[in-house]
Structure formats: structure tokens, C-alpha cells
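Order-wise, the sequence lines are chains A and B. Position 105 of the first sequence, counted from 1, bears residue number 105 in this note's numbering, the numbering being contiguous throughout. Position 76 of the second sequence, counted from 1, bears residue number 187 in this note's numbering, the numbering being contiguous throughout.
Mixed in with the good hints, there may be bad ones.
[What the hints assert, rightly or not] Some residues of chain A that are not near chain B, with every Cβ distance over 10 angstroms (derived):
no., residue
1, Y7
2, T13
3, L14
4, V15
5, D32
6, E43
7, T49
8, I63
9, D73
10, K95
11, E100
12, Q104
13, I106
14, I110
15, L111
[To be verified] Okay, the calculated beta carbon distance ranges per label pair:
no., chain 1, residue 1, chain 2, residue 2, range
16, B, I193, A, D8, 45 to 53 angstroms
17, A, D73, B, D232, 43 to 51 angstroms
18, B, P144, A, S82, 21 to 29 angstroms
19, A, M1, B, K117, 26 to 34 angstroms
20, A, S82, B, D227, 29 to 37 angstroms
21, A, E100, B, I247, 42 to 50 angstroms
22, A, D22, B, H115, 34 to 42 angstroms
23, B, V182, A, K95, 44 to 52 angstroms
24, B, D119, A, Q42, 27 to 35 angstroms
[To be verified] Beyond 10 angstroms from chain B on every Cβ pair, some chain A residues (computed):
no., residue
25, Q51
26, I81
27, S94
Because the hints were derived from the structure by calculation, they are not lab data. Ideal Cβ positions, reconstructed from N, Cα and C, are used throughout, including at glycine.
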Amino acid sequence: MTVRELYDQCDLTLVAGEKGLDNIIEHGFVGDLLSVVMGRAQENTAWVTIQSHINIVAVATLINCACIIIAEDYEADADAISKANEENIPLLVSKQSSYEVVKQLIHLGIL
Amino acid sequence: MKLHYKVDGGAFTSAGFAAGQVKRTLRQLGISPEIIRKISIAMYEAEMNMVLHANGGNVDVELAKDYITVVLEDQGPGIEDIDRAMEVGYSTASQKVRSMGFGAGMGLPNMKRYADELTIDTKLGVGTRVELKVFI
Ligand SMILES: Nc1ncnc2c1ncn2[C@@H]1O[C@H](COP(=O)(O)OP(=O)(O)OP(=O)(O)O)[C@@H](O)[C@H]1O
Ligand SMILES: [Mg+2]
């Protein structure tokens, strides 16, 4: 599925990276430790995290994540937003917990 | 082709700038995604280590016909016990940067895993030199 389809079907706020909405999601990954995500997440991943600073965009760009979903309604830093716009990485925010976001991803068929 | 970057210390917000630039350059040159991924991951980890643990340093990238090498040199504190530092989970990161998601102690293990060759020379009180090599 595409990030756009995910965005349309879930209660998410798009805060940056609109140009990446047609990115394909093939996998999911949850993690707040950057090096763990860096080393373990596959390409085309929807990455769920409670980090909200610019380094998440750097990591997502380097490993070709499809999008970042910030859980728990954390507010993305301004420089994270501008970098996500530059790199076309959709930055989505959910009011729910990481666990709840993952449940929705699974429900939508991202296994 | 040779590239050079100066990396500032303490600048978490530089967010792996050099690694990002190298990735972009490699993509423009048509290097395969798999190779780019390996070099990007290893280089980001080494670059962030320089920022977090060594107050910055210099990066030199050499792009040859059949390999890419990245040399990262700093004048930081050096690594006391490199065998221990290589272990998954070992980290001396401060509480402040841990709360930002650094300090999993996975950076060096990631470099080892994604670089084809990893050479680290370090001396306490003098600095650290990390050389990463990926074959194309
Ligand atoms: N360039 C360096 N100069 C001084 N010490 C370093 C350097 N690189 C690594 N170290 C030491 O080695 C430890 C392990 O490094 P490693 O990259 O594996 O983990 P980390 O940086 O602490 O956490 P992570 O990379 O998972 O965010 C560091 O905590 C630090 O003590
Ligand atoms: Mg590290």
C-alpha cells in the first residue's frame, strides 16, 4: 500500500513530506533507538517512533523508509519538518500509542 | 573521486549531513542501492560517533572503480577498550543524548555489519581514526 492510502484510512496528521505520499509501504518497524532502527529496519518501512527530532529524518532518508509515524502526539521539531520536506519523507503524527499505531498497520495488511 | 567534510562536535542537528551528501552523490553516479545502503549506514554511525563522543572531526571519502572508502578522523578522547566498545549495548553516551534515542551501543556493531572492512585506530587522549571500506 502507499503512504497516501495509510494516511486516508487512519487518524493521522501529515506535518511534512507531502511529496512522498506515493511511497510504497512494505514493512513496519517500531523503535526509538536510532541505531537499532538503522541496523534492523528494511527498505520501504513505515517507522513508528516517539522521537521527534531531526535525526529521525536523517535515519529514515539513509535507509529509505516509506514514512515516519510519530506516536503519542509528540510535536515534530521545526528542523525535522523542514528536513522531511526537503527529503520528501512523509512525517505523520498519531495521537495514539506506538502499540495502537502498529495494530492499525497490521489491520491494513502491513505484516 | 575524492570528497571532504568537516563535522562539528555537539551538533546533533547536523544529523549525519556528510553521510546524506555522500548518499546523494553515490545515487547520482548510479551506484547500486545495496552498496549505497551499506555505506550510508556505516558512515552515519561513524559520523554521529564523532559528533557525540569526540567533538567532531574530518571525513575523507574516496570513490574508486571498485570500492568506496570513508576515513573519519577526530581528536577526541579516544576509546579505552575497543573490544568492549564493539559489543552490542556498550555505550558511554550521556543521559541527554540517550533521551534522543542515541546510546543503544549499536553504532560500532552496525559499522562492522555493513562495512566490508572496518579498521579502527584509537589512542586515549589523542583521538580516533575509523576507516570503512565497501566494495562495489
Ligand atoms: N569517535 C569516538 N571517540 C571516542 N569514543 C568513541 C568514538 N566512537 C565510539 N566511541 C565509544 O564507543 C562506545 C560505543 O559506540 P557505539 O557507536 O557502538 O554506541 P553509542 O554511540 O554509544 O550508541 P549508538 O551508536 O547506538 O547511538 C561509545 O559509547 C563511546 O564510548
Ligand atoms: Mg554510536
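Comparing the hints with the structure gives:
1. Every CB of chain B lies more than 10 angstroms from the CB of Y7 (chain A), the least distance being 24 angstroms, so the non-interface label holds.
2. Distance check on T13 (chain A): its Cβ is at least 21 angstroms (rounded) from any Cβ of chain B, clearing the 10 angstroms threshold; non-interface status holds.
3. A cut-off of 10 angstroms between C-beta atoms confirms that L14 (chain A) is not in contact with chain B; the least separation is 21 angstroms.
4. With 10 angstroms as the threshold on Cβ separation, the claim that V15 (chain A) sits away from chain B holds: the shortest Cβ distance comes to roughly 17 angstroms.
5. At roughly 5 angstroms, the least C-beta separation between D32 (chain A) and chain B is not larger than 10 angstroms, which violates its mark as non-interface.
6. Against chain B, the non-interface label of E43 (chain A) is violated: not every CB pair exceeds 10 angstroms, the least being about 8 angstroms.
7. At roughly 8 angstroms from the closest C-beta of chain B, the C-beta of T49 (chain A) falls inside 10 angstroms, breaking its exclusion from the interface.
8. At roughly 7 angstroms from the closest C-beta of chain B, the C-beta of I63 (chain A) falls inside 10 angstroms, breaking its exclusion from the interface.
9. With a minimum CB-CB distance of about 18 angstroms to chain B, D73 (chain A) clears the 10 angstroms threshold, and the non-interface call stands.
10. Every beta carbon of chain B lies more than 10 angstroms from that of K95 (chain A), the smallest distance being close to 21 angstroms; the non-interface claim holds.
11. At roughly 20 angstroms from the closest C-beta of chain B, the C-beta of E100 (chain A) stays outside 10 angstroms, upholding its exclusion from the interface.
12. In this structure Q104 (chain A) is separated from chain B by more than 10 angstroms, as the shortest Cβ-Cβ distance comes to about 23 angstroms.
13. Look at I106 (chain A): its CB is around 24 angstroms from the nearest CB on chain B, clear of 10 angstroms, so calling it non-interface holds up.
14. Non-interface call for I110 (chain A) relative to chain B: holds, since the shortest CB-CB distance, roughly 21 angstroms, exceeds 10 angstroms.
15. Here L111 (chain A) stays apart from chain B, with its beta-carbon at least about 22 angstroms from theirs, past the 10 angstroms limit.
16. Checked against the hint of 45 to 53 angstroms, the C-beta distance between I193 (chain B) and D8 (chain A) comes to roughly 50 angstroms, which is consistent with it.
17. Range check, D73 (chain A) to D232 (chain B): about 46 angstroms between beta-carbon atoms, so the 43 to 51 angstroms window is met.
18. Separated by about 26 angstroms at the C-beta atoms, P144 (chain B) and S82 (chain A) satisfy the suggested range of 21 to 29 angstroms.
19. At about 42 angstroms, the beta-carbon gap between M1 (chain A) and K117 (chain B) misses the expected band of 26 to 34 angstroms.
20. Against the hinted window of 29 to 37 angstroms, the Cβ-Cβ separation of S82 (chain A) and D227 (chain B) comes to about 35 angstroms, which satisfies the hint.
21. As the Cβ distance of E100 (chain A) to I247 (chain B) is approximately 43 angstroms, the hint placing it in 42 to 50 angstroms holds.
22. Between D22 (chain A) and H115 (chain B) the beta carbon distance is about 36 angstroms. The supplied range of 34 to 42 angstroms therefore holds.
23. Separated by about 45 angstroms at the C-beta atoms, V182 (chain B) and K95 (chain A) satisfy the suggested range of 44 to 52 angstroms.
24. Taking 27 to 35 angstroms as the suggested C-beta distance range, the pair D119 (chain B) and Q42 (chain A) conforms, at roughly 31 angstroms.
25. Non-interface call for Q51 (chain A) relative to chain B: violated, since the shortest CB-CB distance, roughly 5 angstroms, does not exceed 10 angstroms.
26. No Cβ of chain B approaches the Cβ of I81 (chain A) within 10 angstroms, the least distance being about 13 angstroms, so the stated non-interface status holds.
27. No beta-carbon of chain B is positioned within 10 angstroms of the beta-carbon of S94 (chain A); the least distance is around 18 angstroms.
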